[in-house]
Amino acid sequence: MKILLHNFRIGMAILITKLTIFFLRLFGRGATTLPGKIALKICPSLFSDLSDRFRIIMITGTNGKTTTARIISGMLNQAGINFITNKSGANLSSGIATTLVSSLSLTGKSLVRTALLETDEGAFKILAPKLKPEIIIVTNFFEDQLDRFGHVYATLNSVKEGILGTPESKLILNADDPLCASLGQTLPNSVDYFGLADDVYPEDYIKASSDIAYCSNCRSRYDYSSNSFGHLGHYKCPNCGNERPQAQIECTQVLEYDNLSSTIEIMIKDQKIAVKLALPGLYNIYNALAGAAAGHLFELKEDDIVKVLADIESGFGRMESINVEGRTLKMILVKNPTGFNQVLEYLLTQKTSCTVAFLINNKLGDGTDISWLWDVNFEILPAMQDTIKSFYASGTRAVDMAVRLKYAGIPEKNITIEKNMQELINSMIEASKENDTLYLLPTYTAMLEIRKVLKERYNLKEFWE
Amino acid sequence: MYELKICHLYPDLMRSSGDRGSLIALYKRCQWRGIEVRVSNISINDPLNYNDYDIFFIGGGQAFEQSIIKEDLNEGKKHEIIEAIEAHKIFFAVCGGFQLLGKYYRNSSDQETECIGALDIWTHECDTRLVGNLVFEVDFLSEQDKSLRGFENHSGKIYLGKGVKPLGQIVTGHGNNGQDGHEGARYKNTFCTNSHGSLLPTNPAFTDHLIMLSLLNKYPDFQGLTPLNNELENRARTQGDG
Numbered sequence: 001m002k003i004l005l006h007n008f009r010i011g012m013a014i015l016i017t018k019l020t021i022f023f024l025r026l027f028g029r030g031a032t033t034l035p036g037k038i039a040l041k042i043c044p045s046l047f048s049d050l051s052d053r054f055r056i057i058m059i060t061g062t063n064g065k066t067t068t069a070r071i072i073s074g075m076l077n078q079a080g081i082n083f084i085t086n087k088s089g090a091n092l093s094s095g096i097a098t099t100l101v102s103s104l105s106l107t108g109k110s111l112v113r114t115a116l117l118e119t120d121e122g123a124f125k126i127l128a129p130k131l132k133p134e135i136i137i138v139t140n141f142f143e144d145q146l147d148r149f150g151h152v153y154a155t156l157n158s159v160k161e162g163i164l165g166t167p168e169s170k171l172i173l174n175a176d177d178p179l180c181a182s183l184g185q186t187l188p189n190s191v192d193y194f195g196l197a198d199d200v201y202p203e204d205y206i207k208a209s210s211d212i213a214y215c216s217n218c219r220s221r222y223d224y225s226s227n228s229f230g231h232l233g234h235y236k237c238p239n240c241g242n243e244r245p246q247a248q249i250e251c252t253q254v255l256e257y258d259n260l261s262s263t264i265e266i267m268i269k270d271q272k273i274a275v276k277l278a279l280p281g282l283y284n285i286y287n288a289l290a291g292a293a294a295g296h297l298f299e300l301k302e303d304d305i306v307k308v309l310a311d312i313e314s315g316f317g318r319m320e321s322i323n324v325e326g327r328t329l330k331m332i333l334v335k336n337p338t339g340f341n342q343v344l345e346y347l348l349t350q351k352t353s354c355t356v357a358f359l360i361n362n363k364l365g366d367g368t369d370i371s372w373l374w375d376v377n378f379e380i381l382p383a384m385q386d387t388i389k390s391f392y393a394s395g396t397r398a399v400d401m402a403v404r405l406k407y408a409g410i411p412e413k414n415i416t417i418e419k420n421m422q423e424l425i426n427s428m429i430e431a432s433k434e435n436d437t438l439y440l441l442p443t444y445t446a447m448l449e450i451r452k453v454l455k456e457r458y459n460l461k462e463f464w465e
Numbered sequence: 001m002y003e004l005k006i007c008h009l010y011p012d013l014m015r016s017s018g019d020r021g022s023l024i025a026l027y028k029r030c031q032w033r034g035i036e037v038r039v040s041n042i043s044i045n046d047p048l049n050y051n052d053y054d055i056f057f058i059g060g061g062q063a064f065e066q067s068i069i070k071e072d073l074n075e076g077k078k079h080e081i082i083e084a085i086e087a088h089k090i091f092f093a094v095c096g097g098f099q100l101l102g103k104y105y106r107n108s109s110d111q112e113t114e115c116i117g118a119l120d121i122w123t124h125e126c127d128t129r130l131v132g133n134l135v136f137e138v139d140f141l142s143e144q145d146k147s148l149r150g151f152e153n154h155s156g157k158i159y160l161g162k163g164v165k166p167l168g169q170i171v172t173g174h175g176n177n178g179q180d181g182h183e184g185a186r187y188k189n190t191f192c193t194n195s196h197g198s199l200l201p202t203n204p205a206f207t208d209h210l211i212m213l214s215l216l217n218k219y220p221d222f223q224g225l226t227p228l229n230n231e232l233e234n235r236a237r238t239q240g241d242g
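Chains A and B, in that order, give the protein sequences. Everything in the first sequence is counted per the numbering used here, starting at 1 for the first residue and increasing by one. Everything in the second sequence is counted per the numbering used here, starting at 1 for the first residue and increasing by one.
Heads up, a few of these hints could be off.
Which residues of chain A face chain B? A partial, calculated answer using Cβ under 8 Å [unchecked claim]:
| no. | residue |
| --- | --- |
| 1 | C218 |
| 2 | R219 |
| 3 | D223 |
| 4 | Y407 |
| 5 | K413 |
Coverage of chain A stretches by chain B, computed from C-beta distances (three or more under 8 Å per stretch; other residues unrestricted) [stated by the list, open to error]:
| no. | stretch |
| --- | --- |
| 6 | 358-371 |
| 7 | 433-446 |
Simulated from the structure, these hints should not be mistaken for lab results. The C-beta atom is built at its ideal place from N, Cα and C for all residues, glycine as well.
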């Protein structure tokens, strides 16, 4: 009787969730999280109930989750594996429940066996032990939205706790991030590490930020023989000897590097492949390596991995490019200091005239505290005065952003505050000439707003598609 | 030509959310006035002689980082910091750095960790974090500048002893402990706050007050700072939460 009732609950959850999705779509809404919320209300044990119906691949970490998920989607497609995935950054419990339930038949059978789930670091702790993923990919740990998560070590511990509940999961970890690698060094799970070989950075590579991490075992300052950005690099503890683990998937050379792509050499176990990666920036090389590691686990051939990496386009809002009125408009999401620094570094590769707008909101989805802007190294921007003609500050915290630019050494006369996003686009187009590049760098909720504006004006496609 | 030397204590460890913004503000507002300013990063194992500097700055940090620096502080820096504060050096401390200057930190399981004891203040960890916008009024700035705006994020409730004044009185937010209406602490030329990131950049009169005090310390005949255009900063300071 108990089992029957339980099955009835799952059935009800599926039925009502599907109905909710249907009606939300009917009225033109995204339907990415609300249906899952309802499903979890009806059947709180939903995740544990569903875990054996799916082969789950989970991606978590501070930066690069969405792009890595995009790359792994490519790998799965190439391997001919049918899969479902959560889109549009719907990476909390509710979004993941929506994704899983929508792929079930009304009788609860999973029509697709594989689920690729981008998972928020906070939600991971609860979800991983219930869903028991086959593969867990952790990209990196950086300071992010401090007022929500507490602190970076709290985030690390939360992910660690999640993995403790699923010792059978295979881990793919960033060897260059001492915090991330410490998971593999202290947990019983089997691990594949990815990373950049010692000092392989491009010739004219300018670092926007560099941090030293402290040993997780004995709290001594690590020695670095090379450092890619933030606290990532080749580190070794002078006291206890704890060091960057050997990477099984490693970028051994950066052959070409510009504002559109990079050409790199990757060692996968003992095989060497050359890849033209259709994504710019060093941070995307890390994402590509994580993707290649997953591709390797799916037993893809080297040629297939090369093909996927060459064809990839960046994820939702992470880097989008559209043409508007003769100008190239590029949008890149910024959400924490390290990611933002990577974007600024990327701007440095821009050789032709451009305009840059920072769209800074401080709503819940962005983090209500904007203090983190002071950890972003805008001080590298004055060096670009020949290419960047003017700066715009927009969003709810436009004025704070303008103050930040002023203190980074940008003359006040080159900074325009325009909170209204319609006006922002007008003004940027007016002040630029044909073939210029217009960069929009929004925080999460600012991205949703500006997309709405762009969608109405230029017919951008719906984001949940 | 005036010259100021700033000591940034433990920049690689005590640097929670944007604290270095306040250091950038001190630096830039000196630079814009032609005041020569040098910042020295002093961290683990670096020697410290308090007489070498005019301004001291320490940001916030997490438990892991604080446990690293406590050992280093006990190997000599602790006394230099106490001497600096007693010698009326300008000392600006944020959040974790603020708590560290006090007598002790008591965690939620009632365990006490000794802090350096430079100020008669103490901290009790509480279960809920005190997070949000912070507006408080200070008594050492002019009527139009006295209302300061920041953002707080701390789990420690801080209490002040007799010899220490609050930095200001809360208008909006929790402040030191959410009970007594106090924000921060003030003792001689030491200024402590719970506010991260943009406290000094968006409260330029406060920043200038610190610069002026440090110049007066060093150059007793100092005549006052050249005014700067603060329109943008004041617009950020007085904007709503929207």
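Practice task
Let me know if the C-beta of R219/A comes in closer than 8 Å to any C-beta of chain B, holds or violated.
Solution key: holds (5 Å)
Handout entry: Agreement of hint K413/A with chain B interface, Cβ distance less than 8 Å
Key = violated (12 Å)
Practice task
Three residues minimum, CB to CB under 8 Å: does the stretch 358-371 of chain A make the cut for coverage by chain B? Let me know.
Solution key: holds (count 4)
Problem - When the least beta-carbon distance from C218/A to chain B is tested against 8 Å, hint result - result: violated (10 Å)
Problem - Supplied contact hint for D223/A, tested at 8 Å Cβ to chain B - result: violated (13 Å)
Practice task
Confirm or reject the coverage of the stretch 433-446 of chain A by chain B under the rule of 3 or more residues with a beta carbon closer than 8 Å to the chain's beta carbons.
Solution key: violated (count 0)
Practice task
Identify whether the interface hint at Y407/A stands, where standing means a beta carbon of chain B within less than 8 Å of its own.
Solution key: holds (5 Å)
Of the numbered hints stated above, those contradicted by the structure are hints 1, 3, 5, 7, listed in ascending order.
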